[in-house]
Amino acid sequence: MTLVTVVCEALARQPLLELLHAMGIQGYTLFPVEGAGAKGDRPADIEEFGNIQVEVILPAEAAATLMERLSAEFLPRFAAIVYGTEVRVLRPEKFRPREP
Numbered sequence: 007m008t009l010v011t012v013v014c015e016a017l018a019r020q021p022l023l024e025l026l027h028a029m030g031i032q033g034y035t036l037f038p039v040e041g042a043g044a045k046g047d048r049p050a051d052i053e054e055f056g057n058i059q060v061e062v063i064l065p066a067e068a069a070a071t072l073m074e075r076l077s078a079e080f081l082p083r084f085a086a087i088v089y090g091t092e093v094r095v096l097r098p099e100k101f102r103p104r105e106p
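The sequence shown begins at 7 in our numbering and counts up one residue at a time.
These are computed hints drawn from the structure, not numbers from a lab.
Keep in mind that a hint or two might mislead.
Each pair of labels, with its calculated beta carbon distance range [unchecked claim]:
hint	residue 1	residue 2	range
1	V95	F37	18 to 26 Å
2	A42	R104	36 to 44 Å
3	F37	R83	34 to 42 Å
4	L96	Q20	14 to 22 Å
5	E61	R104	12 to 20 Å
6	P38	E105	14 to 22 Å
7	V93	V39	25 to 33 Å
8	R97	E15	17 to 25 Å
9	L36	T71	15 to 23 Å
10	V39	R83	17 to 25 Å
11	T11	P82	13 to 21 Å
All residues carry an ideal CB built from backbone N, CA and C; glycine is no exception.
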C-alpha cells in the first residue's frame, strides 16, 4: 500500500477533497499544519492562510493514478508538496477506492 501525503495551502482544501471524491476515494485524514520552506514560514495562526495536510492510503496503482492527477490538475493551481511512502497496513481491503 502507499500513503499519499499532500501538504498544501488551506485554500486548496475543497478542490483537493473534490478530486479525491471524483476518484472514489472515501477515506482520508486532514489536519492543519505549519512549518517553513523555500518560501519562508507558514504559520497556522490564520486558518484561511495556513496549510493543511491530507493523507490517503491506497493500493500502489491507485496511489500512482492519484499522484498523476495531482501533478496534472492540482499542482499547477495550488502551492503544494505531494509525496508517497510505502506502508504496511492491517485490513488493506478498507483502503480500496470505490468506482466513482
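Tested hints:
1. In this structure the supplied range 18 to 26 Å holds for V95 paired with F37, their Cβ-Cβ distance being about 19 Å.
2. At about 37 Å, the CB distance of A42 to R104 agrees with the hint of 36 to 44 Å.
3. The beta-carbon spacing between F37 and R83, approximately 22 Å, falls outside the hinted interval of 34 to 42 Å.
4. L96 and Q20 have their C-beta atoms about 31 Å apart, which leaves the hinted 14 to 22 Å range violated.
5. For E61 paired with R104, a C-beta distance near 18 Å keeps the hint of 12 to 20 Å intact.
6. Take P38 and E105: their Cβ atoms lie about 31 Å apart, and the range 14 to 22 Å is violated.
7. A beta carbon spacing of about 19 Å between V93 and V39 contradicts the range 25 to 33 Å that was offered as a hint.
8. Distance hint check: the CB atoms of R97 and E15 are about 33 Å apart, inconsistent with the given range 17 to 25 Å.
9. The hinted window of 15 to 23 Å between L36 and T71 holds, with their beta carbons roughly 20 Å apart.
10. About 20 Å separates the C-beta atoms of V39 and R83, a value consistent with the hinted range of 17 to 25 Å.
11. In this structure, T11 and P82 meet the distance hint of 13 to 21 Å, their C-beta atoms being roughly 19 Å apart.
Checked against the numbered hints given earlier, this structure breaks hints 3, 4, 6, 7, 8; the rest are met.
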